[in-house]
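> Sequence:
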Amino acid sequence: MAESARTSALTQLRHDNREHVVRLLTELGPLTQSQLAKESGLSKATVSNLVKEMTAEEVVTVENTVHNGRRANLITLVPTRRVSLGIDISEHHYVLALVSSDRTELEIRKVGIEIPWDSKKFLESLSENTTDMLRGAKRKLKDLAAIGVGVPAPVEADSESVALTPMLPTWLDAEAVLPGIKELTAGPVTLSNDANLAALAEVAFGNHRGAENLIYVLISRGIGAGMYLRGDEYTGALGFAGEIGHIRSTSGYELCRCGNRGCLEGEIATVTMIKQAQAAGFRGETIEDVACAIHAGHVAVQRVVSDAGTVLGRALADLSSILNPDIMVIGGNPAVTSEVFLEATRIALRRHCLPLVADRIDVFPDSLAGKAVALGAAERALRKLGL
Numbered sequence: 161m162a163e164s165a166r167t168s169a170l171t172q173l174r175h176d177n178r179e180h181v182v183r184l185l186t187e188l189g190p191l192t193q194s195q196l197a198k199e200s201g202l203s204k205a206t207v208s209n210l211v212k213e214m215t216a217e218e219v220v221t222v223e224n225t226v227h228n229g230r231r232a233n234l235i236t237l238v239p240t241r242r243v244s245l246g247i248d249i250s251e252h253h254y255v256l257a258l259v260s261s262d263r264t265e266l267e268i269r270k271v272g273i274e275i276p277w278d279s280k281k282f283l284e285s286l287s288e289n290t291t292d293m294l295r296g297a298k299r300k301l302k303d304l305a306a307i308g309v310g311v312p313a314p315v316e317a318d319s320e321s322v323a324l325t326p327m328l329p330t331w332l333d334a335e336a337v338l339p340g341i342k343e344l345t346a347g348p349v350t351l352s353n354d355a356n357l358a359a360l361a362e363v364a365f366g367n368h369r370g371a372e373n374l375i376y377v378l379i380s381r382g383i384g385a386g387m388y389l390r391g392d393e394y395t396g397a398l399g400f401a402g403e404i405g406h407i408r409s410t411s412g413y414e415l416c417r418c419g420n421r422g423c424l425e426g427e428i429a430t431v432t433m434i435k436q437a438q439a440a441g442f443r444g445e446t447i448e449d450v451a452c453a454i455h456a457g458h459v460a461v462q463r464v465v466s467d468a469g470t471v472l473g474r475a476l477a478d479l480s481s482i483l484n485p486d487i488m489v490i491g492g493n494p495a496v497t498s499e500v501f502l503e504a505t506r507i508a509l510r511r512h513c514l515p516l517v518a519d520r521i522d523v524f525p526d527s528l529a530g531k532a533v534a535l536g537a538a539e540r541a542l543r544k545l546g547l
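Under my numbering, the letters of the sequence shown match residues 161 to 547, in that order.
FYI, nobody ran anything at the bench for these hints, they're computed from the structure.
Errors might be hidden in some of the hints.
Okay, derived cross-link-like pairs now, PhoX-like style, lysine-lysine, Cα gap no bigger than 25 Å in a straight line [claimed, not checked]:
1) LYS544 x LYS300
2) LYS270 x LYS302
3) LYS212 x LYS198
Okay, the calculated beta carbon distance ranges per label pair [claimed, not checked]:
4) GLY444 x LYS281: 23 to 31 Å
5) THR225 x ILE407: 54 to 62 Å
6) SER287 x GLU199: 17 to 25 Å
7) GLU343 x SER321: 16 to 24 Å
8) GLU343 x HIS455: 39 to 47 Å
9) LYS281 x GLU213: 37 to 45 Å
Think of the CB as a built atom: it goes at the ideal place given N, C-alpha and C, for glycine as much as any other residue.
Produce the complete structure using the sequences and hints provided.
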């Protein structure tokens, strides 16, 4: 066990060092090997080994040059054609994000789920759309270097396997889908929780690029919090950190699908808001209908959504007192990105949180308009490659 932990730690260290080198070459341009060692703070031997590895993989090129009157090796990032594909799998649609290694969004595509639907039909649709997107971006299948997949369920960190399959869309068989996805690329395929990926996307592509302490709360059929703390993802010992949908609500006693009673999910998940709005005379059937009613001034619907925001705000106050983020992002559906929901959340958070903490927290709506999970999955795939 100790040897396995040591090997894992060394692998992670090499990955982090490689990512650091790529970032420096991206920001500063070509550097000599000595300059790279100086700028990175890594030893010359470590840089030499990384350069050999990255040259073999055609990530960088090495050219003989002269620096300060001495022979030197000039290291340059290859203007690569490599791309990653992010896949956000939901109940009624999936979203694809094709991203180049320099973080250019080549195409975002939303694909509807046909009913009846199964994993085989999904893979056929995915293959067709992936090929079409690559063609549109003037790329070939060999240029697809990695794929990231986001699912609305807890994912075990080490094995990258779904921990609670009942939380997946009813048509999705993850064990059947993943081997099919892996056939699309010779590179790695990563599986992650959707909220974690949404948080990663906000700091990589959204309005909060470079944020150090951000929590993204994704509200849909379930509720999850993706956490980006002290400049890195935080997923906990097993990968299950952020499952705030299953913390105890102060007022709910409904039986949750996890087996407990009074979970936050039962108070503010999309299906709950729809049912509560319908009980107040609202005739809509979807969360999009609820969002439209909010903007149309439907008083009862606005009250339902405001109450849900208050419940979330109390929960986020507890979370903020523990983790002390400075940015909270809310997303997952158009009702919770409405100002009615957000303002109720802000008020409750400030009322129930330690003032020293609350005064330094801003609550924002998702800035990526439904593409956060797919972009986060593409980003996770690129980072897996050390790019």
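> Could you run down the list of hints and mark each one as holding or not?
Now for the hints, and whether the structure bears them out:
no.	hint	verdict
1	LYS544 x LYS300	21 Å, holds
2	LYS270 x LYS302	23 Å, holds
3	LYS212 x LYS198	18 Å, holds
4	GLY444 x LYS281: 23 to 31 Å	29 Å, holds
5	THR225 x ILE407: 54 to 62 Å	58 Å, holds
6	SER287 x GLU199: 17 to 25 Å	42 Å, violated
7	GLU343 x SER321: 16 to 24 Å	19 Å, holds
8	GLU343 x HIS455: 39 to 47 Å	44 Å, holds
9	LYS281 x GLU213: 37 to 45 Å	40 Å, holds
The structure fails hint 6 only (numbered hints given earlier).
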